[in-house]
Amino acid sequence: MRSSMARLVPHPPVALAVTAVALVAPAAADAYIGPGAGFAVMSSFLVIFVTMIVVLASILAWPFRALWRLIRRSGPPPAAINRFIVIGFDGQDPALTDQFLQEGVLPNFAALKAQGTYRRLQTTYPALSPVAWSSFSTGTHPARHNIFDFLDRDRRTYLPLLSSTRIGAVEKFFRLGKYLIPREKPALTNLRRSKPFWTILGERRIWSTILRVPITFPPDRFHGAELSAMCVPDLLGTQGTFLLFTTRPPAARFKEGGQRVQVAVTSDRIDTVVTGPENAFVMGHPPLTCPLTVTLDRSNHRATVAMGGEQVTLAVGELSGWLSLPFPAAPGVTVAGIARVQLLELGEHVSLYMSPINLDPESPAMPISHPDYYAGYLAKRHGPYATLGLAEDTWALNEGVTDDATFLKQAHDIDDERRTMFLTSLEKLRAGTLVCVFDATDRIQHMFWRYIDPKHPAHRKDAPREQREAIKALYQKNDALVGQVMASLGPKDLLMVISDHGFSSFRRGVNLNAWLRQEGYLTLKDGADGSTEWLRDVDWATTRAYCLGLSGLFLNLRGREAGGIVEPGDEARALKAELIAKLTGLADETGGDIGVRAAFDTRALYEGPYSENAPDLVIGYNAGYRTSWDCASGMVSGPVFEDNTKAWSGDHCIDPRLVPGVLFCNRTIADTRDLSIVDIAPTALTLFGLEPPPHMDGRPWAVAS
Amino acid sequence: MTLVNALLVRLADAVLAPLAGLPPVAVVAGCALGSALAVLAVMRFTSNQAALAAVKRRIHAALLEMRLYNDDLVALVRAQGEVLRHNLSYVGLSLVPLVITAVPLTLAIAQLQAWYGYTGITPGTPVVVTAAVAGNAGAALPRLEGAGVDLAGPPRFFPTLGEMTWRVVPRTPGPTTLRVVTAGGAVVEKHLYVSAGDEVARRSPVRELPSFVGQLLYPSEPPIEAAAGVAAIHLPYPERLLPVAGQAVHWLYVYLALTLAFVLLLRKPLGVVV
Chain A
1 MRSSMARLVP HPPVALAVTA VALVAPAAAD AYIGPGAGFA VMSSFLVIFV TMIVVLASIL
61 AWPFRALWRL IRRSGPPPAA INRFIVIGFD GQDPALTDQF LQEGVLPNFA ALKAQGTYRR
121 LQTTYPALSP VAWSSFSTGT HPARHNIFDF LDRDRRTYLP LLSSTRIGAV EKFFRLGKYL
181 IPREKPALTN LRRSKPFWTI LGERRIWSTI LRVPITFPPD RFHGAELSAM CVPDLLGTQG
241 TFLLFTTRPP AARFKEGGQR VQVAVTSDRI DTVVTGPENA FVMGHPPLTC PLTVTLDRSN
301 HRATVAMGGE QVTLAVGELS GWLSLPFPAA PGVTVAGIAR VQLLELGEHV SLYMSPINLD
361 PESPAMPISH PDYYAGYLAK RHGPYATLGL AEDTWALNEG VTDDATFLKQ AHDIDDERRT
421 MFLTSLEKLR AGTLVCVFDA TDRIQHMFWR YIDPKHPAHR KDAPREQREA IKALYQKNDA
481 LVGQVMASLG PKDLLMVISD HGFSSFRRGV NLNAWLRQEG YLTLKDGADG STEWLRDVDW
541 ATTRAYCLGL SGLFLNLRGR EAGGIVEPGD EARALKAELI AKLTGLADET GGDIGVRAAF
601 DTRALYEGPY SENAPDLVIG YNAGYRTSWD CASGMVSGPV FEDNTKAWSG DHCIDPRLVP
661 GVLFCNRTIA DTRDLSIVDI APTALTLFGL EPPPHMDGRP WAVAS
Chain B
1 MTLVNALLVR LADAVLAPLA GLPPVAVVAG CALGSALAVL AVMRFTSNQA ALAAVKRRIH
61 AALLEMRLYN DDLVALVRAQ GEVLRHNLSY VGLSLVPLVI TAVPLTLAIA QLQAWYGYTG
121 ITPGTPVVVT AAVAGNAGAA LPRLEGAGVD LAGPPRFFPT LGEMTWRVVP RTPGPTTLRV
181 VTAGGAVVEK HLYVSAGDEV ARRSPVRELP SFVGQLLYPS EPPIEAAAGV AAIHLPYPER
241 LLPVAGQAVH WLYVYLALTL AFVLLLRKPL GVVV
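Chains as they are written, first to last, in our numbering: chain A, 1 to 705; chain B, 1 to 274.
Chain A on its own, in the form it takes in the complex:
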């Protein structure tokens, strides 16, 4: 009967369809069960098939690759260590570390100190993260890596420029109706010069995983993986612009990194748009937009926020997770961002905070990782994460839009994202280097120092314990991470826990541009009062010196600046000496302290191919002082000294001698000299059996084996 049936069934596909329903059939036949089911099964088997091919190809190719490396002699040399792990806690302060060690709340740091080394780590001049981490990665002083501050100035216009990155515009397009199809990629340049040590390691096939080390945007190309950090812009191209959607009447615009969007409520619903970057794919480059709807549920004190196909219901004060923000740019082209939102108020007025729109790590609009897919790999493995260089929204807190608790949550969430990435990378790393920089230390100390400094103008005795102990709690959290890493170390692994600088209180701001004006070095245009940002009120024809950035003072040098009037040579030297003499010990009569401890002539500090780009003087503010907010934004008006009442209450842009970093190592470092952050790169190379290149300023340490 069965054979008879077989002959009577002339159509195998149909027969298979039925058989597959009746029986558990092999994979290929499952495709006939039904298209949906077939799709699922086929997809699975396709994935398995592809992975098998990849593994097989890798296994087969491996001996040939090894042979090729042998022929080229590009394989790794004999090394003293197997893994070199660097945990960077940006801004971990040695004085606080000592205090917490004494209190016994950092048991793992204490164990690391007992096992190997705990020393102060000299920072760079100036003590700024982009400068110090660039010195860390390249083993050179700023004159060789070309990063002197967050900001540089355009010598033609005196306007500020980001010191680390240039993002060019696309000039060549094909036109297709109203659409523009780019014929080239926008030029993207990392202005940091000199090779990071992981690039040199990579030349000898030593793997490195580099996570969020500042000034790695656009990413380095080397044998390893890198996720960019500081200076990665948000989707608007800024260093972090939050949005405030509010029904409140227009108020003064935000000074720092924020935009107010006026909205109206109609039938308990807000319909608006999130405005994104310019649409480079359409003539006239109109801004990209993504619809945003907020549906209010007043009785339950919550609202549903819908955008980009996603929606989330939030209670007042609740911060959402990452939400997708797709901006359709052209048919088939979407610029993708992610952001978090918080319902700030839901009463007579409604306000919604939106974090800066981060580049979506799964499809970033700019290269933020090496290899390109690495950012996407991390997102697929661990979920969406912050990509913005300065990801914690300090500006929103500074402007009073968000509160301490929100900022803390945001900072800890970002920190947790990074810990997950770091620990996974550590687990994957069998030989080579892993460096990860955690920024929460820096950001939380910037914003919460006022709670540990009773003399700070923004100090509040009645602040909740969570805020008062935020810094200590973070150090303890970091201690736990250190413990986790220590537990995973092998006998040939070297662990360093470092910080690029320490921290101090920022009680009083110093407007050195106002001081330069007061002293006659800087003059304003007729009728100007100096309150315009970015030195636009300055009369360059009569100005001899000006400040820009967080620590640099520049002479208005003829032949260098477009309107320069100070002759290079003797006149410049004399002017510098005069300024150094006047600035050193500059007293704050109201504050009753010295505002500026020293002014350093950069020519005496460091020499290198990029010395010309350095500011002429680096200002060494005293502890408790820093450049004022007005001075940092290029305003000349106002007093020279003023109280800092903002949430941003701790800082490190002061005399570098006052804010060294920390160095913990699981091995003894025998050197008795002062250890500097520039020494780490040559030390790493030496430990991996490589000779540090002669241009490196740092010297390798004698690390016990």
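These aren't lab readings, by the way, just hints derived from the structure by calculation.
A portion of the hints provided could be inaccurate.
Here are the computed distance ranges between Cβ atoms for each label pair [unchecked claim]:
| no. | chain 1 | residue 1 | chain 2 | residue 2 | range |
| --- | --- | --- | --- | --- | --- |
| 1 | A | P287 | B | T46 | 35 to 45 angstroms |
| 2 | B | A50 | A | G563 | 29 to 39 angstroms |
| 3 | B | K268 | A | A463 | 22 to 32 angstroms |
| 4 | B | G81 | A | Q262 | 25 to 35 angstroms |
| 5 | B | V74 | A | R298 | 51 to 61 angstroms |
| 6 | A | P457 | B | R44 | 49 to 59 angstroms |
Each residue gets a CB set at the ideal place from its N, CA and C atoms; glycine is no exception.
Place chain B on chain A using the hints.
Showing chain B alone in chain A's frame:
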């Protein structure tokens, strides 16, 4: 099952009969689009979409990991293990929609096969009608009758196969009924659709004893009663092939390929994870 088939035949005929004049490829494409929408709807409402998305992301991550650490054999093998593990999760998560889509789509495919799987037996062309005879070969043999057909030559009996064959020449186009009459007087009918051209109509090449598989495969006619003494009647309808890019392709392949393509195309606009 007989009742279900009867209902499905009515439903399919109501839908497909008005479309009989259209090119078969167009109808198959339309059915594929409908199936794709049904599959997406089932996936959307019966699967854990968030979990499916998460597991797919992990599979992608593991694949990228293989690319990233392609110098490290241990990492490669570990990543492969992760792919396999997540694949199992993926299949597990797809199981409910898999079962839910499998049943209606299989029934639909059987109906479509009856309409688009065969071409006609043409008038004047002799065909061999085969009947599988139940019981032993020594019993008296059945005979074949039918309006609008001529018997060309005597029937032949193959004792080892238990099969009886008749050479039949249809005279006129259109539907007709063949009757196999057993020695005991039982009559088993079999529909025959004779057509001069390549017209689309319901055709069933087999009628057989009741069985689950048989009724799924050949839903157009009710099964033969067990006591009739005939196990199956087979008509050799030629297979219909659809012209696709110069190639003749079975409709089912076209249908499956188009359904998968539609699923892929529509999943993002409709926000469904598959």
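Tested hints:
1. A/P287 <-> B/T46: 35 to 45 angstroms: holds, 41 angstroms
2. B/A50 <-> A/G563: 29 to 39 angstroms: violated, 60 angstroms
3. B/K268 <-> A/A463: 22 to 32 angstroms: violated, 48 angstroms
4. B/G81 <-> A/Q262: 25 to 35 angstroms: At roughly 54 angstroms between Cβ atoms, A/Q262 and B/G81 fall outside 25 to 35 angstroms, so the hint is violated.
5. B/V74 <-> A/R298: 51 to 61 angstroms: holds, 58 angstroms
6. A/P457 <-> B/R44: 49 to 59 angstroms: For A/P457 and B/R44 the Cβ distance comes to about 57 angstroms; the hint holds.
The structure fails to meet hints 2, 3 and 4 from the earlier list, while all remaining hints are met.
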